[in-house]
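**Student:** Residues 1 to 190 in the UniProt record's numbering are what the sequence shown spells out, letter by letter.
What the hints contain is simulated information worked out from the structure, not anything from laboratory work. Check before you lean on any hint, since a few could be wrong.
Quick list of the computed label-pair ranges, beta carbon to beta carbon [what the hints assert, rightly or not]:
no.: 1; residue 1: Tyr-85; residue 2: Asn-145; range: 19 to 29 Å
no.: 2; residue 1: Leu-173; residue 2: Tyr-85; range: 28 to 38 Å
no.: 3; residue 1: Arg-167; residue 2: Glu-112; range: 10 to 20 Å
no.: 4; residue 1: Glu-166; residue 2: Ile-120; range: 22 to 32 Å
no.: 5; residue 1: Ser-148; residue 2: Gln-177; range: 15 to 25 Å
no.: 6; residue 1: Gly-184; residue 2: Asp-113; range: 18 to 28 Å
no.: 7; residue 1: Lys-84; residue 2: Leu-169; range: 12 to 22 Å
Only a predicted model underlies this, so the values are computations on that prediction, with no experimental measurement involved. Note that the Cβ used here is the ideal one computed from N, Cα and C, for glycine as well.
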Amino acid sequence: MRKGAGFLPYKETTKYASDLLFRAMNKGVSNLNNMDHLAITVGYKYSSGAIIEEKLNTHRMDRLELEGQPGTRAPHMWLKYQDKYISTLDLIGENFVLLTGEDNRCWRTAAEDVASYLGIFINVYGIGSESDLVECEGNWEAVYNVSSQGAVLIRPDGFVAWRTKERILNPNLILKQVMTTILGQDSETI
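Input sequences plus hints: build the corresponding full structure.
**Tutor:** Pasting the structure below:
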């Protein structure tokens, strides 16, 4: 039976965290106090066909580093939306989410085209002083480690599926390739 692209058994998901914890235990109880328990709980990174990894993507488990890396949980950040305060995590739900900078017309068009082509929904949100979402604290570019022209694709389970730090020449083509790869569909027809 073929497993879905995003399927990862629990044992594989927690293996690295468990190995790190048991190595620390073998060195003495005092080392456990130096471990970031939040990093062990939510800071893990995993690879699968539903993640487009970056070439030079290093990830540490001894401290929490949620910076928008593909394979990690999407980082929290406070935003203002229609005079209400929300978290970036509140945007995650039943659909894919594409976070972009303030000028997101090319990304919005690409997401609409790809969603229509694949028969799915992609929610697109611009972040900036004149966008859908306004930063309350921090800078979305720093939190997600992208430029104002970059984009971050978040899966419905809250994991970052893909990220581009800079503007790309053909957002439609790239986003279509990314989505077909993540969904395990044939991208040869693109």
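**Student:** Each hint: holds or not?
**Tutor:** Verification of the hints:
1. Tyr-85 / Asn-145: 19 to 29 Å: Cβ of Tyr-85 to Cβ of Asn-145: about 23 Å, so the range 19 to 29 Å holds.
2. Leu-173 / Tyr-85: 28 to 38 Å: holds, 36 Å
3. Arg-167 / Glu-112: 10 to 20 Å: holds, 18 Å
4. Glu-166 / Ile-120: 22 to 32 Å: holds, 25 Å
5. Ser-148 / Gln-177: 15 to 25 Å: Taking Cβ atoms as reference, Ser-148 and Gln-177 lie about 23 Å apart, which means the hint holds.
6. Gly-184 / Asp-113: 18 to 28 Å: Holds - the Cβ-Cβ distance for Gly-184 and Asp-113, about 20 Å, lies within 18 to 28 Å.
7. Lys-84 / Leu-169: 12 to 22 Å: With a Cβ separation near 36 Å, Lys-84 and Leu-169 fall outside 12 to 22 Å, so the hint is violated.
When each numbered hint is compared with the structure, a violation occurs for hint 7 only.
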